[in-house]
Structure formats: structure tokens, C-alpha cells
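**Q** Sequence:
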Amino acid sequence: MSTSVVADGEFAGWTTWAEEPFEHETAGPFYFRVDENGPVAAFRVARKHMNAGGVVHGGCLMTFADFALFAIGHEAMEGGYGVTVAFTAEFIDGALEGERLEARGETLRKGGSLSFVRGLVTGQDGRPVLNFSGTIKKRRKQA
1 MSTSVVADGE
11 FAGWTTWAEE
21 PFEHETAGPF
31 YFRVDENGPV
41 AAFRVARKHM
51 NAGGVVHGGC
61 LMTFADFALF
71 AIGHEAMEGG
81 YGVTVAFTAE
91 FIDGALEGER
101 LEARGETLRK
111 GGSLSFVRGL
121 VTGQDGRPVL
131 NFSGTIKKRR
141 KQA
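My numbering applies: residue 1 is where the sequence shown begins, and numbers increase by one.
In case anyone wonders, no lab produced these hints; they're calculated from the structure. Owing to the predicted nature of the structure, the values given are computational and were not obtained by experimental measurement. Where is the CB? At the ideal position from N, CA and C, for every residue including glycine. Keep in mind that the hints are not guaranteed to be accurate.
[What the hints assert, rightly or not] Here are the computed distance ranges between Cβ atoms for each label pair:
no.: 1; residue 1: Arg118; residue 2: Leu96; range: 37 to 45 Å
no.: 2; residue 1: Ala12; residue 2: Ile92; range: 27 to 35 Å
no.: 3; residue 1: Lys137; residue 2: Asp8; range: 32 to 40 Å
Make a model of the complete structure from these sequences and hints.
**A** The structure is reproduced here in C-alpha cells:
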């Protein structure tokens, strides 16, 4: 799957999958890069991400975590296309508007068609917000 590098703003130099309309335009935008600590995904919480209780909506957190599965497992995908076939998450703490959230994790196992990934979403102060794990299946992109 092709990526694009952000040219300016807070996430200049980060990568995104701009061709993913739901993650990039509707739910996100979400970004990722690889730094000295490995793969990391991030986004800045906006009003559209909030629930009526004043914290980030759980569906938004899970969508970001699903994005992070692929950011973390990107190398294991070897540039291919994949889909999430299993996903689990535990909500640990709320996140606030304006906060920058990050997700880091690891690929536990890379198989022929399945990769197993786990990660943790943290707030800008490093506190755990969401624990997640999932399974990615490599697929041929549908025409």
C-alpha cells in the first residue's frame, strides 16, 4: 500500500495512508513514522473525536488503534495490503481534546499470511489510554 509523507504542520515528515478515506479524512487524520524506538503512530485530538462525556470516543480510540496495528506491523506486511481479522482492546483512561496520542507496540509473530501485533496508546504525559492487540491478514488489493 502506498504512503505519503506530510509536508508541513505538526506532523511534517510523518507518513500517512492518504488513500484511506475513513482513517485519513473522517476519523483522523492519523500519522506514523519509525524513530529510534521503533514504529509509532500519532494524532492530535480534535473536537470531532470527543464524546458527550468530554473524553475521546471509544470508537475513535479503536479506529486509531486499528490504524496503529498497520503502522506497527507495516514492515511485516512487506508493502502489501492487509485487513484486520481480529482485534481486542481494553480502555484504561480517557483522553482530552487537544491532547496528542501515540501508539507503540510490536509485531509478535509474522507468518506467511498472518501477522500478530500488540500495542499501547498513551497520552502526551505517557499515561496508558488503551491497550490493544490484533491480527492482520495479507491480501491482494481488490481492483
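**Q** If any of the earlier hints don't hold here, list their numbers in rising order.
**A** 1
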